[in-house]
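Enquirer: Going down the list, the protein sequences come from chains A and B.
Numbered per our numbering, the first sequence spans residues 1 to 116.
Numbered per our numbering, the second sequence spans residues 1 to 115.
It is possible that part of the hints are untrue.
Once the Cα atoms are required to be at most 16 Å apart in a straight line, the calculated EDC-like pairs of lysine to aspartate or glutamate come out as [claimed, not checked]:
1. B/Lys-3 - A/Glu-44
2. B/Lys-102 - A/Glu-44
3. B/Lys-102 - A/Asp-30
4. B/Lys-73 - B/Glu-44
5. B/Lys-102 - A/Asp-56
Simulated from the structure, these hints should not be mistaken for lab results.
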Amino acid sequence: DAGVIQSPRHEVTEMGQEVTLRCKPISGHDYLFWYRQTMMRGLELLIYFNNNVPIDDSGMPEDRFSAKMPNASFSTLKIQPSEPRDSAVYFCASSPRAIGHNQPQHFGDGTRLSIL
Amino acid sequence: AQKITQTQPGMFVQEKEAVTLDCTYDTSDPSYGLFWYKQPSSGEMIFLIYQGSYDQQNATEGRYSLNFQKARKSANLVISASQLGDSAMYFCAMREGGGYNKLIFGAGTRLAVHP
Numbered sequence: 001d002a003g004v005i006q007s008p009r010h011e012v013t014e015m016g017q018e019v020t021l022r023c024k025p026i027s028g029h030d031y032l033f034w035y036r037q038t039m040m041r042g043l044e045l046l047i048y049f050n051n052n053v054p055i056d057d058s059g060m061p062e063d064r065f066s067a068k069m070p071n072a073s074f075s076t077l078k079i080q081p082s083e084p085r086d087s088a089v090y091f092c093a094s095s096p097r098a099i100g101h102n103q104p105q106h107f108g109d110g111t112r113l114s115i116l
Numbered sequence: 001a002q003k004i005t006q007t008q009p010g011m012f013v014q015e016k017e018a019v020t021l022d023c024t025y026d027t028s029d030p031s032y033g034l035f036w037y038k039q040p041s042s043g044e045m046i047f048l049i050y051q052g053s054y055d056q057q058n059a060t061e062g063r064y065s066l067n068f069q070k071a072r073k074s075a076n077l078v079i080s081a082s083q084l085g086d087s088a089m090y091f092c093a094m095r096e097g098g099g100y101n102k103l104i105f106g107a108g109t110r111l112a113v114h115p
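With the hints as extra help, turn the sequences into a complete structure.
Expert: See below:
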């Protein structure tokens, strides 16, 4: 089975540009998560969706960040305008509906973003 | 308050030996789940093992086992017969109850396996 697919794998762009990260979750998974990983702050949850609806966006750093999930098989994380401090690895993860707590989140390979 | 604590920033172990990576957690919820993930240098996050708060037995998955001590709120990962490919960052994570599906991650432990 295909795992979580993220694109692009690497992105290098100049500050001020718009950046769009893409994610295709595992088919049938109800939950989708966006994380950011940096050396300083570790792994941070930015936002997550349940059945395409944003549930908790309290981790989104500021208004420059936005995320959408127009359908069950696609999500985007957009940064506009981008800044050098946004440089990080961005992960998308998905999981099935949680019955109890035993469903792990399955991660994509991440997008390594560098803002110059 | 920090909910997941991994006190070992780095660990090393000799190949074929066992190693324990520490994880303590803090929650007042009686229902929760604990997870361990591995992140090799290539960057992907790989799910290793899960332990539920009501599970009576410690979880095991191949060479991985979880030493779950509920009263001490610890969920240490034990890797037996270490291999060079085990060199990676290891993250402990917790999901609390309440119908939410958020994982809270620790800061991670970097494991180096020496030949």
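Enquirer: Now tell me if each hint is right for this structure.
Expert: Cross-check of the supplied hints:
Simply put, B/Lys-3 and A/Glu-44 have alpha-carbon atoms about 13 Å apart, close enough for the 16 Å limit, and the pair holds. A threshold of 16 Å between alpha carbons decides the hint, and for B/Lys-102 with A/Glu-44 the separation of about 11 Å falls inside it, so the pair holds. Between B/Lys-102 and A/Asp-30 the CA atoms are separated by roughly 13 Å; this keeps the pair inside 16 Å, and the hint holds. For a cut-off of 16 Å, the pair hint linking B/Lys-73 to B/Glu-44 is broken: about 28 Å separates their Cα positions.
Between B/Lys-102 and A/Asp-56 the CA atoms are separated by roughly 9 Å; this keeps the pair inside 16 Å, and the hint holds.
Of the hints listed earlier, the one the structure fails to meet is number 4.
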